[in-house]
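K.L.:
Here is how the chains run, residue by residue.
Number of protein chains: 2
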Amino acid sequence: MTTTHEPLKIALLGAGNVGSQVARILTEDAEMLQARVGARLELVGVFVRRTDAEREYQLPGELYTTDAEALVDQADIVIELLGGIEPAKSLIQRAISRGAAVVTGNKALLAQHGSELYRAAAEAGTQLSFEASVAGAIPILRPLRDSLSGDRVTRIMGIANGTTNYILDQMDTTGATFDDALAEAQRLGYAEADPTADVEGHDAAAKAAILANLAFHAPFTLDQVHCEGITAITAADNEAAAEAGYVIKLLAIAERITTPGGDGADSTEGAVLRVHPTLLPRQHPLAAVHGAFNAVFVEAENAGELMFYGPGAGGAPTASAVMGDTVSIARRLVRGGPGRTHTPQATLPALPVGDATTSYLVVLEVKDQAGVLAQTAGVFAQHGVSIEAMRQVPLPEGHSGHAEAESSLRFITHRALERDLEQTVAELTALDVVTDVISVLRVEGN
Amino acid sequence: MTTTHEPLKIALLGAGNVGSQVARILTEDAEMLQARVGARLELVGVFVRRTDAEREYQLPGELYTTDAEALVDQADIVIELLGGIEPAKSLIQRAISRGAAVVTGNKALLAQHGSELYRAAAEAGTQLSFEASVAGAIPILRPLRDSLSGDRVTRIMGIANGTTNYILDQMDTTGATFDDALAEAQRLGYAEADPTADVEGHDAAAKAAILANLAFHAPFTLDQVHCEGITAITAADNEAAAEAGYVIKLLAIAERITTPGGDGADSTEGAVLRVHPTLLPRQHPLAAVHGAFNAVFVEAENAGELMFYGPGAGGAPTASAVMGDTVSIARRLVRGGPGRTHTPQATLPALPVGDATTSYLVVLEVKDQAGVLAQTAGVFAQHGVSIEAMRQVPLPEGHSGHAEAESSLRFITHRALERDLEQTVAELTALDVVTDVISVLRVEGN
Numbered sequence: 001m002t003t004t005h006e007p008l009k010i011a012l013l014g015a016g017n018v019g020s021q022v023a024r025i026l027t028e029d030a031e032m033l034q035a036r037v038g039a040r041l042e043l044v045g046v047f048v049r050r051t052d053a054e055r056e057y058q059l060p061g062e063l064y065t066t067d068a069e070a071l072v073d074q075a076d077i078v079i080e081l082l083g084g085i086e087p088a089k090s091l092i093q094r095a096i097s098r099g100a101a102v103v104t105g106n107k108a109l110l111a112q113h114g115s116e117l118y119r120a121a122a123e124a125g126t127q128l129s130f131e132a133s134v135a136g137a138i139p140i141l142r143p144l145r146d147s148l149s150g151d152r153v154t155r156i157m158g159i160a161n162g163t164t165n166y167i168l169d170q171m172d173t174t175g176a177t178f179d180d181a182l183a184e185a186q187r188l189g190y191a192e193a194d195p196t197a198d199v200e201g202h203d204a205a206a207k208a209a210i211l212a213n214l215a216f217h218a219p220f221t222l223d224q225v226h227c228e229g230i231t232a233i234t235a236a237d238n239e240a241a242a243e244a245g246y247v248i249k250l251l252a253i254a255e256r257i258t259t260p261g262g263d264g265a266d267s268t269e270g271a272v273l274r275v276h277p278t279l280l281p282r283q284h285p286l287a288a289v290h291g292a293f294n295a296v297f298v299e300a301e302n303a304g305e306l307m308f309y310g311p312g313a314g315g316a317p318t319a320s321a322v323m324g325d326t327v328s329i330a331r332r333l334v335r336g337g338p339g340r341t342h343t344p345q346a347t348l349p350a351l352p353v354g355d356a357t358t359s360y361l362v363v364l365e366v367k368d369q370a371g372v373l374a375q376t377a378g379v380f381a382q383h384g385v386s387i388e389a390m391r392q393v394p395l396p397e398g399h400s401g402h403a404e405a406e407s408s409l410r411f412i413t414h415r416a417l418e419r420d421l422e423q424t425v426a427e428l429t430a431l432d433v434v435t436d437v438i439s440v441l442r443v444e445g446n
Numbered sequence: 001m002t003t004t005h006e007p008l009k010i011a012l013l014g015a016g017n018v019g020s021q022v023a024r025i026l027t028e029d030a031e032m033l034q035a036r037v038g039a040r041l042e043l044v045g046v047f048v049r050r051t052d053a054e055r056e057y058q059l060p061g062e063l064y065t066t067d068a069e070a071l072v073d074q075a076d077i078v079i080e081l082l083g084g085i086e087p088a089k090s091l092i093q094r095a096i097s098r099g100a101a102v103v104t105g106n107k108a109l110l111a112q113h114g115s116e117l118y119r120a121a122a123e124a125g126t127q128l129s130f131e132a133s134v135a136g137a138i139p140i141l142r143p144l145r146d147s148l149s150g151d152r153v154t155r156i157m158g159i160a161n162g163t164t165n166y167i168l169d170q171m172d173t174t175g176a177t178f179d180d181a182l183a184e185a186q187r188l189g190y191a192e193a194d195p196t197a198d199v200e201g202h203d204a205a206a207k208a209a210i211l212a213n214l215a216f217h218a219p220f221t222l223d224q225v226h227c228e229g230i231t232a233i234t235a236a237d238n239e240a241a242a243e244a245g246y247v248i249k250l251l252a253i254a255e256r257i258t259t260p261g262g263d264g265a266d267s268t269e270g271a272v273l274r275v276h277p278t279l280l281p282r283q284h285p286l287a288a289v290h291g292a293f294n295a296v297f298v299e300a301e302n303a304g305e306l307m308f309y310g311p312g313a314g315g316a317p318t319a320s321a322v323m324g325d326t327v328s329i330a331r332r333l334v335r336g337g338p339g340r341t342h343t344p345q346a347t348l349p350a351l352p353v354g355d356a357t358t359s360y361l362v363v364l365e366v367k368d369q370a371g372v373l374a375q376t377a378g379v380f381a382q383h384g385v386s387i388e389a390m391r392q393v394p395l396p397e398g399h400s401g402h403a404e405a406e407s408s409l410r411f412i413t414h415r416a417l418e419r420d421l422e423q424t425v426a427e428l429t430a431l432d433v434v435t436d437v438i439s440v441l442r443v444e445g446n
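Order-wise, the sequence lines are chains A and B.
Sequential numbering from 1 applies to the first sequence in full-length UniProt numbering.
Sequential numbering from 1 applies to the second sequence in full-length UniProt numbering.
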């Protein structure tokens, strides 16, 4: 394809794992990219902290610079892969204010300051794309923003963190403990030396905020996400899950709900954002997502149930997402026409997790005496939580058991208000006949 | 949201299953759509054959018209849901020539005349969107066209026909025969009274052409798709598949290949498009796609393996895809800027299926005499087909068996050229020691 459009100048901020792969694709696939865009994509420089460091993909030395601002100022498209809040935020703002388009994979930045940046881009008539910030290579930005734009998304459940999915998958399939599975993940490079952001759910929480933003066309931030990690998952939890036909996944859930109202209170429409270990039936599509893969399960009023599956991280896959954004923007610059950014037009309040409805699996160690079942079942009833299934199960292996305890009870509830479930468990714990609470896990996808 | 843009006029061609749902969404969700677009979407009329027929969703009577041309001539966006070639093609061309944008779910039309229509839309500076033509509600158009635009798709494998997936799933899970599973699918409304287009693979073949078009940025048509249906699948096939750890799916496959060349011939880059029953390992993501669901599995150089999953048909899901296209186009009309259609810029020749590489599962009924294995294995070797696994297996249940036959041999080959595999099987069939060829099935995803 011959092209008459002048080259588009690309500035790359960061030359780490993903940045190196972006540099490689821009170099090695230059001809293909030019054919698809109708103009050459010219990498004008790469902002790095040290110009003489060794890189996974080595560009000519003169392309590396430590002067980010001068680099940003000459670009048509700025690709930000620095991570963290600063200097990423200031550099993106600088690019936008100059009318340059921005591609970013910075989930932390978007989860905290996304709305501000989307608005700035829209006001400047330019474009901010961020496919790489959620679920690595999995196309989710355009499906949610465009493909489902005529539908109403009611719920998103994502396996949005590959590290924790790897760990939980190992625990499930090999019976490994959390510590052993984490060590294995670290050995394979799936988990960092300090795994806090992954195993405590913070990474998934940032993605929940971004997904909710896209799904509900309304702004949400990280601090609105209820977040529980996977560090407390025990072998007993896994055993209880497996016995009941479930698998444990760390899910990032964003759902549109209407509070029940009543008692003088109006019902409110809003969204609950939550990240926590979740039981899924074995036959649920998300249950088949193994290892470090990610997947986003979407429920929409008309479309029904959709799932998007793929590698959630890694240099080349994430670079593919970055390049998809870059080519899409470049095509628009060649064609002409105003830039477009996802700017949430709706407002939807974030509601506390207590307003969500879910169901619980509860395993109690109980004293072997008459009336235990009636007493425990009574606590559920008292809080309006109905029981779907109850089963007396053997005490989990390795569970020491208290002197008087000879059995355990497993309850699976129907869907109920989270706050009622929480109170139910608190009250069960206080019962004299209950010697231990072995597992309390939320169940979805039933 | 207050809006100053004048309403956009929508013409709907067809009021069947999908058309009725589109009419419902345009009516019931008018407020949401207006907020997302920034202009009202005004349904100005519905072209139907009979204005007095009963509809799933009844609009005011005056909206129905039998004058399609007059309707098209007053629209900003034409939604074509008539199916078939004519009058759909002429009406789309009429709309395009007037500069109206078009949304269609017409796979037959696009698989045969897509390139011509895409080009016409591009030349007229308008837009032709067709998300609903492949895999119902599953967003696949934008992921392939935009999200993966900086990557190189090497292969697509789709479960693109819900009817056949339902039938094969029933045969696999309940042991039903093809005829029984088809009857059940018809009873449930998953299969039509005349199921030919589904069970012979024609529907999937049309989708393969459209998917290849999107994936490889090059034009392909239905007549370039090698097509085999599922009517010949026997209980013995299912048994052989299950025993070897596979499941049978009807896949639409489009793959980029380079022919080996040699013998004076140059190697050629091209694409092979094929639809046939395929064995997949049980742990493959596509193997978990049950019932009438669809899924598209994409392999790309940088992104790796992606999968898109969802309902492949049905009024409301398909209408969701139509509305996604409609809102995306409407947003562009409000924002301004040129229309965009997927116009293949590359050329990639369609190569014959013989050039593809795949592997085969072959089950032979053989005479119980010395040297049978050496003789059969020799035929594979002679054609350069290497054997991954061989196993002597019992004759399938219900298989009558010939007088001298007492056993059967199951071979699974390594990947080899399709034409070599085909010749191998032809020669095996002719061997005196081979009394019957029980199963020959292609294997993918190993």
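Do not rely on the hints blindly, as some may be mistaken.
What the hints assert, rightly or not - Among chain B residues calculated to face chain A with C-beta under 7 Å, some are: (1) Arg142; (2) Ser147; (3) Gly175; (4) Glu299; (5) Ala303; (6) Gly304; (7) Pro311; (8) Ala313; (9) Ala316.
Said to hold, decoys possible - Derived coverage of chain B by chain A (criterion: at least 3 residues anywhere in the stretch with Cβ under 8 Å from a Cβ of chain A; other residues may be distant): (10) 44-54; (11) 248-254.
Hints in this document: simulated from the structure, not taken from any laboratory.
Even glycine gets a Cβ: it sits at the ideal position worked out from N, Cα and C.
K.L.:
State the violated hints by number, sorted upward, taking the hints as numbered earlier in the document.
P.N.:
3, 4, 8, 10, 11
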